[in-house]
Amino acid sequence: MSSIRKDFLHIGLFGLVYIILALLVDNSYYLLIMTIVPVWAVMGLSWNLFSGYSGLVSFGHAAFFGLGAYLVALCMVVWDLNPWLTIMLATAAGGLSALLVGIPTFRLRGHYFALAMLAYPLALLYIFEWLGYQEVALPMKRETPVLYMQFENPLAYIALALALLLAALGITSLLSHSRFGMSLLAIKLDEDAAEAAGINTLYWKLIAITISGALAGAAGGFYAVVLLVVTPLAVFGMLVSAQALIFAMFGGVGTLWGPVLGAFILVPLSELLYARYAADFPGIQGVIYGVAIIAVILFAPEGILWKVRSILKPGQFRMLGSTASITDLDADESLLAVSQGGSGEKILEVIGVSKAFGGLQATDELSFAVKQGELLGIIGPNGAGKTTLFNLLNGFIKPDKGEITFQGQSLRKKRPNRICAMGIARTFQVAKPFTHLSVLDNVVIGAYVHTRSKEEASRHASAAIKLVGLENQCALPGANLTNKELRLMELARALASLPKLILVDEILAGLDPDAMQEMLVVLEKVRKLGITIVIIEHSMQAMVQLVDRFIVLDHGALLAEGRPEEIVKNPQVIEAYLGKKWLEND
Amino acid sequence: MDSLQFLENILQSLVAGLLMGSMYGLMCVGLTIIFGVMRVINFAQGEFMMLGMYFAYFCFAWFGTYAFFGGLWFPFFLALLAGPAVFLVGVLLHRLLINAVTGRRGNKLEAQGHYAQLVLTLGIALVLQNGGLFLFGSTPVSVANELSYSAWEWGPMVGDRVSVFVNQAQTISGLLALVVVIGFAVLMGKSRLGKSLRASADNPDAAIYMGINVDRAHRLAFGFGVGITAIGGGLLASNAPFQPYIGTEYVIIMYAGVVLGGLGSIRGAFLGGLSIGVLQQVSAIILPNQLQNTVIFICFLIIILFRPQGFFGNKDRTA
Amino acid sequence: MTKPVLLQLNNICAGYGEIDVLHDISISLLEGELISVVGPNGAGKTTLFKTISGIVTPSSGEIHFGEQDLLAVEASRRAHLGLAHVPEGRQVFPSLSILENLEMGAFADRGRAGFKENLEKIITWFPVLGERSGQLAGTLSGGEQQMLAIGRGLAANPDILMLDEPSMGLAPAIVDEIFERLIEIHRTSELSVILVEQRVAEALHFANRAYVLEAGKIILSGKPEELQNDDRIRQAYLGM
Chain A
1 MSSIRKDFLH
11 IGLFGLVYII
21 LALLVDNSYY
31 LLIMTIVPVW
41 AVMGLSWNLF
51 SGYSGLVSFG
61 HAAFFGLGAY
71 LVALCMVVWD
81 LNPWLTIMLA
91 TAAGGLSALL
101 VGIPTFRLRG
111 HYFALAMLAY
121 PLALLYIFEW
131 LGYQEVALPM
141 KRETPVLYMQ
151 FENPLAYIAL
161 ALALLLAALG
171 ITSLLSHSRF
181 GMSLLAIKLD
191 EDAAEAAGIN
201 TLYWKLIAIT
211 ISGALAGAAG
221 GFYAVVLLVV
231 TPLAVFGMLV
241 SAQALIFAMF
251 GGVGTLWGPV
261 LGAFILVPLS
271 ELLYARYAAD
281 FPGIQGVIYG
291 VAIIAVILFA
301 PEGILWKVRS
311 ILKPGQFRML
321 GSTASITDLD
331 ADESLLAVSQ
341 GGSGEKILEV
351 IGVSKAFGGL
361 QATDELSFAV
371 KQGELLGIIG
381 PNGAGKTTLF
391 NLLNGFIKPD
401 KGEITFQGQS
411 LRKKRPNRIC
421 AMGIARTFQV
431 AKPFTHLSVL
441 DNVVIGAYVH
451 TRSKEEASRH
461 ASAAIKLVGL
471 ENQCALPGAN
481 LTNKELRLME
491 LARALASLPK
501 LILVDEILAG
511 LDPDAMQEML
521 VVLEKVRKLG
531 ITIVIIEHSM
541 QAMVQLVDRF
551 IVLDHGALLA
561 EGRPEEIVKN
571 PQVIEAYLGK
581 KWLEND
Chain B
587 MDSLQFLENI
597 LQSLVAGLLM
607 GSMYGLMCVG
617 LTIIFGVMRV
627 INFAQGEFMM
637 LGMYFAYFCF
647 AWFGTYAFFG
657 GLWFPFFLAL
667 LAGPAVFLVG
677 VLLHRLLINA
687 VTGRRGNKLE
697 AQGHYAQLVL
707 TLGIALVLQN
717 GGLFLFGSTP
727 VSVANELSYS
737 AWEWGPMVGD
747 RVSVFVNQAQ
757 TISGLLALVV
767 VIGFAVLMGK
777 SRLGKSLRAS
787 ADNPDAAIYM
797 GINVDRAHRL
807 AFGFGVGITA
817 IGGGLLASNA
827 PFQPYIGTEY
837 VIIMYAGVVL
847 GGLGSIRGAF
857 LGGLSIGVLQ
867 QVSAIILPNQ
877 LQNTVIFICF
887 LIIILFRPQG
897 FFGNKDRTA
Chain C
906 MTKPVLLQLN
916 NICAGYGEID
926 VLHDISISLL
936 EGELISVVGP
946 NGAGKTTLFK
956 TISGIVTPSS
966 GEIHFGEQDL
976 LAVEASRRAH
986 LGLAHVPEGR
996 QVFPSLSILE
1006 NLEMGAFADR
1016 GRAGFKENLE
1026 KIITWFPVLG
1036 ERSGQLAGTL
1046 SGGEQQMLAI
1056 GRGLAANPDI
1066 LMLDEPSMGL
1076 APAIVDEIFE
1086 RLIEIHRTSE
1096 LSVILVEQRV
1106 AEALHFANRA
1116 YVLEAGKIIL
1126 SGKPEELQND
1136 DRIRQAYLGM
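Chains as they are written, first to last, in the working numbering: chain A, 1 to 586; chain B, 587 to 905; chain C, 906 to 1145.
It is worth saying that the hints were derived from the structure and are not from the lab.
These figures come from a predicted structure and were not determined experimentally.
Mixed in with the good hints, there may be bad ones.
Example chain A residues on the side facing chain B (calculated, C-beta under 8 Å, incomplete) [claimed, not checked]:
#	residue
1	Ile103
2	Thr105
3	Gly110
4	Tyr112
5	Leu122
6	Ala234
7	Met238
8	Val291
Straight-line alpha carbon distances no greater than 25 Å define the calculated DMTMM-like cross-link-like pairs of lysine to aspartate or glutamate that follow [said to hold, decoys possible]:
#	chain 1	residue 1	chain 2	residue 2
9	B	Lys776	C	Glu1036
10	B	Lys776	C	Glu1022
11	C	Lys1122	A	Asp514
12	C	Lys1128	A	Glu518
13	B	Lys776	C	Glu1049
14	A	Lys432	B	Asp791
15	A	Lys484	C	Asp1014
16	A	Lys484	C	Asp925
17	B	Lys776	C	Asp1014
18	C	Lys1122	A	Glu518
19	A	Lys569	C	Asp1135
20	A	Lys569	C	Asp1136
21	A	Lys569	C	Asp1081
22	B	Lys776	C	Glu1025
23	A	Lys432	C	Glu993
24	A	Lys432	A	Asp192
25	A	Lys569	C	Glu1130
26	A	Lys569	C	Asp1014
Every residue, glycine too, gets a C-beta built ideally from N, C-alpha and C.
Generate coordinates for the entire structure from the input sequences, incorporating the hints supplied.
Next comes the structure, spelled out in structure tokens:
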């Protein structure tokens, strides 16, 4: 059974149990709690869908929630519009406002992003106070109560809240098992690596925040209907954003059921304690949420769902993603082949490129060309500017001066994911595996550049994994690999994007001689596919057997260029490598 | 409103803004020192300010009758005393909680622990403000004395019209804030302790190679940071009433000031806080009261979106 | 008569997370000796230093510093025992002035005690540090930063100076100058030095003994003149 069908079965069962439970309860206060809990669970899911999967912490989900709540309340007060319609509008408004927030705010990362998100709901809070909406009460509609979602029977509210929750769960399940989920996970685990693997990180983040905002807007709209009164502090306040975050983190970040679990434990707990002790201890809810989140951060940083899992299955590494199995072990390596046409023509040209960081000239008027089908080695001592060159070639940084063209097209204005889609893939000096994904999923991420179909992506990934010889490791998490396997996996991820040119950064560093030989065999196979390879290596050992041509860099400039046998005899090169004294001794 | 009246309003707001801004600046310095040394954004900074306010309030209530230093000066003395008191709270919380997700331990977590740090300090903020509600009650209180209701008149400057009235309590608080900032800047700049904190901020690994205990440096930085902000809170306490939730209102003001000045720079944070104070007071001339904070938030968003490195900091200090 | 052993590493395995970078490393440093550890990039040289300094905790093996079990000493206390680490890529404190950097070098008590006299010596070796003592370290050139990093190490008045690739990213003329100065310091002060270098020739030329590290293992060790003629070094670097 596919994982989505399994999720839907669980969601259905959950809904059934909840309804039965509601039928058994006969206390109006408990029934109110049973209405509120799913609303907060939806907020938790909303936060999780964006922050839990993408890793960008939002402290501002109250903005979308509050807009939804005020939209429903004001539409009813001013234009007499019914909530059935306006909750849909609230959903749209939540999504739209989230998109508008996302566009400027995604310029920021880390701390700055979290801080900026905090300001949106608080700014709205004061604006709504100023507008005079300190307290908007929904009018009672005695003639047509059902049209205005005003029911005698509290079960009707519960059913609606539950329906909203089930929808949110369904959406989360569908998305997390798609290319969307994989892309966001990749962004969370390593945004640079994701971008270099061809993932348009901005696009996916915008999609995520839009859907997330829509869910929050819907939850806010429904909240207004249930509570009948909307105040700025109740819907835009810090606590709303905090609750969304706390439920998701408490239950389990980046999981389907975590946010639900969090809300189902914490909301009733805080409500019941509040009902009992509010007179003596007015802030008890906030204290409970605070203590809950402190405890989770200290003792189960990924939430209790993950913690329980690690206790039940000790030793098993925490894995995310779809962890699909290899679908097509017969996937032919020739899937990855590049047509040999135009062999010997220039595929990549670097013309007078300079790049400085502060006072350090990392690349200095560098010019060279790479020919189609060639295996070019770039060498030079530490600090010669080799990795900077790769960062220029794959678009992480832009040159101060000069031009880089790939198959005649300028790379100047291209983002790394576009450059990857054009056919330049890369590996990293310090391997950047997506540690919580299986080897196969790591590679599948690379394969999504050229296809939307999961099957095709996994076929390309399988072929790449076969080529590098990691078939037996493909279900292991990225974090459990040896150094050699990590590097092979990165190579496979690069290959799965069907590149015409691969930039390989110090793939041999730290390998023992046997592993190095294996790696050389794999590189030879890659080259036979017609893929052009540019490889950076600090040491020339092994490389001399492999490459067609060397470029030697020193202090960001071209020191020498030529065939391996010429280069190893070049006195300048020997001096740069072994030192002047070496020449004197010889 | 004629032009002289307008001039008077502007001058009045400017002076009030500078005095308030000096206190904001002090609080910003507290926030920025924590970020500068630990690379942690403390969400609960506003709550430590609140603790400083209540420290001053309760001490005043308990010992007020003894009136050391003359009754008028006593609240200001208590504000300064709030620093060491909250310093101890900060050191304790760092040891018990924050230390678990910062520094070298934090590096092992996702995103160097930024995620965990933000959320942990959010939890501390929730506990402090809601626990404060329990311990201190929700009725707004203040540490006002007659200085809070008296003003010095500067002027008249133009003919007999343009006079600026400066609140005496505000003036003393603002000047004290400036003195504390200068004192702290000297401590950071000249003392061996200050240098070791800056070294830990620049490069924690290299600081360890020098024999500096970076965990301890972090603990002290956290204590200094919250202590300094608490002094700011204590000084504000003689100006206006407050309640346990006041931290949230001010935390954005502090972020805005710190981001304006460039995260991690002491001078920048103070100038940033000063600017925010002036902006807040001057905007009050043309805008309704409720929108004063919105102006600050929008300013904050504009700065963070378009110039996240700030305006006053030196470049190598920003992350 | 053989000199006493100052630092002894026995069968050290160490790395990051699950993966070991160093395998079964044993190294000894005698008092007053200068030893070199050479090897290509990625061989584990920096990890070796970080293990001695306590930033990396080994998964097995032991380290003795004189009579002390070094692994039982917390990382920041190791400097107080007389271990000075001049890290790879210099890592001076950019927002501190030259003088402040040197003061931080003397943070441990043993450095603070004779700081004034020590500072004078450091300035005679690296005059530029005296001439511009107020300048922020972040604004220095690479070569000057390297001199400052070494000066900062010396300010600790250490028993052992650990130098991690002092030549990295520097122009040849400056490298020569720095090496010359290092040898002078080593000879005049009888300081024990561990030098990690990728420039084999220089590293061997100056050393009393040397180790060759490849892929986390020691593949060769001995007197420089023996190693100099060993083809395996040339092979490790040039491949032929």
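How the hints compare with the structure:
1. Ile103: Since the shortest Cβ distance to chain B is 10 Å, the answer is violated.
2. Thr105: holds (7 Å)
3. Gly110: For Gly110(A), the interface hint holds, since the closest Cβ of chain B sits about 5 Å away, which is under 8 Å.
4. Tyr112: Since the shortest Cβ distance to chain B is 5 Å, the answer is holds.
5. Leu122: holds (6 Å)
6. Ala234: violated (14 Å)
7. Met238: At 5 Å from the nearest chain B Cβ, Met238(A) passes the 8 Å test, so the hint holds.
8. Val291: holds (6 Å)
9. Lys776(B) - Glu1036(C): holds (20 Å)
10. Lys776(B) - Glu1022(C): It holds: about 21 Å lies between the C-alpha atoms, which stays within 25 Å.
11. Lys1122(C) - Asp514(A): holds (14 Å)
12. Lys1128(C) - Glu518(A): violated (33 Å)
13. Lys776(B) - Glu1049(C): holds (24 Å)
14. Lys432(A) - Asp791(B): Distance of about 22 Å is within 25 Å: holds.
15. Lys484(A) - Asp1014(C): violated (45 Å)
16. Lys484(A) - Asp925(C): Given pair Lys484(A), Asp925(C) holds - Cα atoms ~12 Å apart, limit 25 Å.
17. Lys776(B) - Asp1014(C): holds (18 Å)
18. Lys1122(C) - Glu518(A): Holds. Lys1122(C) to Glu518(A) sits at ~19 Å (cutoff 25 Å).
19. Lys569(A) - Asp1135(C): holds (18 Å)
20. Lys569(A) - Asp1136(C): holds (15 Å)
21. Lys569(A) - Asp1081(C): holds (23 Å)
22. Lys776(B) - Glu1025(C): holds (21 Å)
23. Lys432(A) - Glu993(C): holds (22 Å)
24. Lys432(A) - Asp192(A): Within the cut-off at roughly 9 Å; holds.
25. Lys569(A) - Glu1130(C): holds (22 Å)
26. Lys569(A) - Asp1014(C): Not OK: Lys569(A) and Asp1014(C) at ~51 Å, beyond 25 Å, violated.
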